[in-house]
Each structure stands twice: as structure tokens, then as C-alpha cells.
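A.B. asks: Add chain U to chain G, keeping to what the hints say.
Chain residues, written in single-letter form:
Number of protein chains: 2
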Amino acid sequence: MQQLQKKLAVDFGIDFSDVSLLETAFTHTSYANEHRLLKISHNERLEFLGDAVLQLIISRYLYQTYPQFPEGEMSKMRSTFVREESLAGFARACGFDRFLRLGKGEEKSGGRNRDTILGDLFEAFLGALLLDKGIETVEDFLYQVMIPQLEVGNFERVTDYKTALQEMLQVNGEIAIRYQVISESGPAHDKTFEVEVLVNDQALGRGRGRSKKQAEQAAAKNAVEAGN
Amino acid sequence: MQQLQKKLAVDFGIDFSDVSLLETAFTHTSYANEHRLLKISHNERLEFLGDAVLQLIISRYLYQTYPQFPEGEMSKMRSTFVREESLAGFARACGFDRFLRLGKGEEKSGGRNRDTILGDLFEAFLGALLLDKGIETVEDFLYQVMIPQLEVGNFERVTDYKTALQEMLQVNGEIAIRYQVISESGPAHDKTFEVEVLVNDQALGRGRGRSKKQAEQAAAKNAVEAGN
Numbered sequence: 002m003q004q005l006q007k008k009l010a011v012d013f014g015i016d017f018s019d020v021s022l023l024e025t026a027f028t029h030t031s032y033a034n035e036h037r038l039l040k041i042s043h044n045e046r047l048e049f050l051g052d053a054v055l056q057l058i059i060s061r062y063l064y065q066t067y068p069q070f071p072e073g074e075m076s077k078m079r080s081t082f083v084r085e086e087s088l089a090g091f092a093r094a095c096g097f098d099r100f101l102r103l104g105k106g107e108e109k110s111g112g113r114n115r116d117t118i119l120g121d122l123f124e125a126f127l128g129a130l131l132l133d134k135g136i137e138t139v140e141d142f143l144y145q146v147m148i149p150q151l152e153v154g155n156f157e158r159v160t161d162y163k164t165a166l167q168e169m170l171q172v173n174g175e176i177a178i179r180y181q182v183i184s185e186s187g188p189a190h191d192k193t194f195e196v197e198v199l200v201n202d203q204a205l206g207r208g209r210g211r212s213k214k215q216a217e218q219a220a221a222k223n224a225v226e227a228g229n
Numbered sequence: 002m003q004q005l006q007k008k009l010a011v012d013f014g015i016d017f018s019d020v021s022l023l024e025t026a027f028t029h030t031s032y033a034n035e036h037r038l039l040k041i042s043h044n045e046r047l048e049f050l051g052d053a054v055l056q057l058i059i060s061r062y063l064y065q066t067y068p069q070f071p072e073g074e075m076s077k078m079r080s081t082f083v084r085e086e087s088l089a090g091f092a093r094a095c096g097f098d099r100f101l102r103l104g105k106g107e108e109k110s111g112g113r114n115r116d117t118i119l120g121d122l123f124e125a126f127l128g129a130l131l132l133d134k135g136i137e138t139v140e141d142f143l144y145q146v147m148i149p150q151l152e153v154g155n156f157e158r159v160t161d162y163k164t165a166l167q168e169m170l171q172v173n174g175e176i177a178i179r180y181q182v183i184s185e186s187g188p189a190h191d192k193t194f195e196v197e198v199l200v201n202d203q204a205l206g207r208g209r210g211r212s213k214k215q216a217e218q219a220a221a222k223n224a225v226e227a228g229n
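Quick mapping for you: the protein sequence lines, in order, are chains G and U.
Start counting at 1 in the first sequence, then tack on 1, and there's your number in the working numbering.
Start counting at 1 in the second sequence, then tack on 1, and there's your number in the working numbering.
Please keep in mind that the hints were generated in silico from the structure rather than gathered at the bench.
Hints may be right or wrong, so weigh each one.
It does not matter which identical chain is used: a pair holds within one copy or between any two.
Stated by the list, open to error - Cut-off 25 Å, straight-line C-alpha distance, at most; resulting in silico cross-link-like pairs (DMTMM-like, lysine to aspartate or glutamate):
1) Lys40 to Glu226
2) Lys105 to Glu175
3) Lys40 to Glu168
4) Lys40 to Glu175
5) Lys222 to Glu45
6) Lys163 to Glu45
7) Lys8 to Asp141
8) Lys109 to Asp98
9) Lys214 to Glu195
This structure is a prediction, so every number in the text was calculated from the model and none was measured.
Just chain G, same shape as in the assembly:
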């Protein structure tokens, strides 16, 4: 744990005070069960707390970053961001997997690389950090390791901009949204489409893509971002 404390200080500028809390965050139930007589605490309660602080910070981030997005769209984005595989990836990227205290059975069956276990570990760490340092530190940490990744990576892949645009506009009533191809170029096996999105016959955005569908998404994205 001393090594972990040092790592947190060097990598993230976190001066973690309560070592026993850190130990709990990095202890899987399987380890606690194997050492029952020692009454070691495992990380499930901290995970409960960490999940809640993560949800809040991501919610606030989405609220501030996408002022035109309706609640339903933010909600979808949030659940994509905080899904297990995503959190497990951040745990690995932070090098947390090495410090996990795991039972022997789990270790043998590859638990140290399992998404559920690592996702829970990441949340438990956030819970511990909340108790040790407060919400601002948790927020700083997430803005270092997680939020920039959401922006460049996951986000592009997972958001359905056509739906987002529709929801954004229908906040103000029924509206007709049309997509039309304005150009097609290149040979058959390597075409580029350009699409325009029209809202009540007014052009709101343009986008390009290798398929009509891709170009429509790009046009919707363009319109959504212009609306922000």
C-alpha cells in the first residue's frame, strides 16, 4: 500500500492520508473471505459510494458541456460512460490492477483482469478518495484520467447524434427533420457522401461520411454542436 500511496502522489498529485481506507478499496471480497479470521474489510461498500460520486461528477460534466442536450440524451451518455468495461479500462490505465488484493481462486481464474472486478475497484477507489479528500479531489482526478478520454474516444462511437438532434429540437414542439444528400464523390468502392440536415426546410448542418448513414450522423453532430 505504501507503494500505491507513492504512485498516487507521483502520478496524480494525490496525498492519500488514510491507508486503511485505501487498503479496503483495493480488497476484493474473495480476499476478505479467505482471511475471515482477520476480519478484513472488502471494497463493496466503498464501491457503492464511489458509484454515486462518479454519477454526480459525470452528470455535472454533461450538464455543463452540453447545454442543449435533453435529459434523456444525457442519461444515455452517462450510462455509456460509466459502464463496467469503460471503468475497468481506466483502472488498468491507472495501473490499479497490480495493487488489487484478490483471493487465490479468483487469481487463478484470471480475476485480476476481469472487467467486473476492475470496474468495481475503480469505483471503490473513488469512494475512498471522496472520504479521504473530498469531492473536489475526486473531480480533479476524473478530469485527469477519465473525462478527456470520454471526449475523444468513447463519445464519438456511442452517441447517436440523429436522436440527440431530434430530442433537442422536439423540446420545442413537433418539427420536421430531413436529411438530403448534396454530393456523392469518388469511385464506387470508396465513395464520400455529403449530407445536409434540414429542419423545417432550413439547413442546420452538414457532414461527410463513407456511407449515407455516416454522413447523416456527421450532419446531425454539426447541427447539435451549432445549437450549443
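C.D. replies: Here is chain U on its own, set in the frame of chain G:
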């Protein structure tokens, strides 16, 4: 809104700065839809944020108040605490319903007293308060109006202490829990039972009630609280 600002200051010591944010929190979609041309914002996005801050504060409260409760039990308690009817009740107790901006149709059909609408209003207010004053102020507010009520009211009614005790103990492996009646007193129509809960044949708690079931719950509660 000026009257509401004054009320917040007098009743809760909250000096709310951003009036437009407060307005948004108190505006139902039905009102925004009726005034489309004015492009009034409604409270759905703030509700999204408020829900998240509420979950976190309740989670931290449960984590700190019930150190022996497993994650599953805290999770159940949390969802009971933050359910719609409960939040609507707090909105009414704070006198928020009077200030809600509601569409005419909703007003006619009794929307001003509807649990869904008032529960959402309460959450939206928490979201606005988070943005205006920060999480400590939201926490102070909830510790004034909501958390003491959970302690005395809802909580007693909704928690199944027998399950809580079971989950608490089984964190440390398989354990035999038995309830036995140690006394029965009073006439047939007005009996009182006293029950003892035994864990691996060791008495951990006692409780009384008008039925065996009630007395068992009381004994489990006694054991759970002793374990904290």
C-alpha cells in the same frame, strides 16, 4: 421568484444568487410548452443533476450512519428514501408547490399536487442549488429538511431488519440465525411477545411486539444496532 428567494433565505438560510436558475428549476415542461415563443427553459435537465447529487448525499449518509450494512442493504434503503412519493412530500413540506410554474392543462388536472411533478421539482431544486451554491449547501439543506425525517419516519417502516441482519452477518460466511419466543404476556386480544435472536446459538438481541413477526423485527433491529 423574489418571494421564493425570500422564503429560501428565511426558512433555510439559503441566499440563492441566480434567479434565472431558480426559475428554471420551478418551471414544469407543460409551462415551457405553453410559452414556446418565449423559449423558456424547463426543469428536466436540472432534475437529472439534482437526482445525482441527492443519490450521492444519501449514499454518504448511509455509508457513515450504518457502517455494518452491506452494499445491498444500503442500496435498498437509498431507493426507498429517494422514491417519488417521498420527494414529493418534502417538496410540499418546503412549500415549493406554490411556486411551481405549471401549464394550464396540468393545473386543471391537479398537476400541482401530483407526486411525479413535485418529486421532479424537488430534485430540480437540488440541481439548481448545486450549481448556485455547491454541494455543501445541498447537503446542509438535506440535513435540515430530509434526513432527520428518514431517521424517524420512513426508515422504521420500510427496513426489513431480519434481512439486514442476515446480510450483515453473512458477509463473514454461513451463519445460523434463529429467533425464539422467550415470553408471551397479556390477554389473547392484546398479547405482547418477546423474542430473542440467536446467532450460532449466541443471543445477539431482543425485541418486543404485538405479534411474533413484529417482535422478531425488533430483535433483529436491536442486534443490527448493537453491531454498528
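A.B. asks: Does each hint fit the structure? Answer for all of them.
C.D. replies: The hints, checked one at a time:
no.	hint	result
1	Lys40 to Glu226	between (53 Å within a copy, 19 Å between copies)
2	Lys105 to Glu175	between (59 Å within a copy, 20 Å between copies)
3	Lys40 to Glu168	between (51 Å within a copy, 16 Å between copies)
4	Lys40 to Glu175	between (60 Å within a copy, 15 Å between copies)
5	Lys222 to Glu45	between (39 Å within a copy, 22 Å between copies)
6	Lys163 to Glu45	between (38 Å within a copy, 20 Å between copies)
7	Lys8 to Asp141	within (16 Å within a copy, 35 Å between copies)
8	Lys109 to Asp98	within (15 Å within a copy, 58 Å between copies)
9	Lys214 to Glu195	within (10 Å within a copy, 70 Å between copies)
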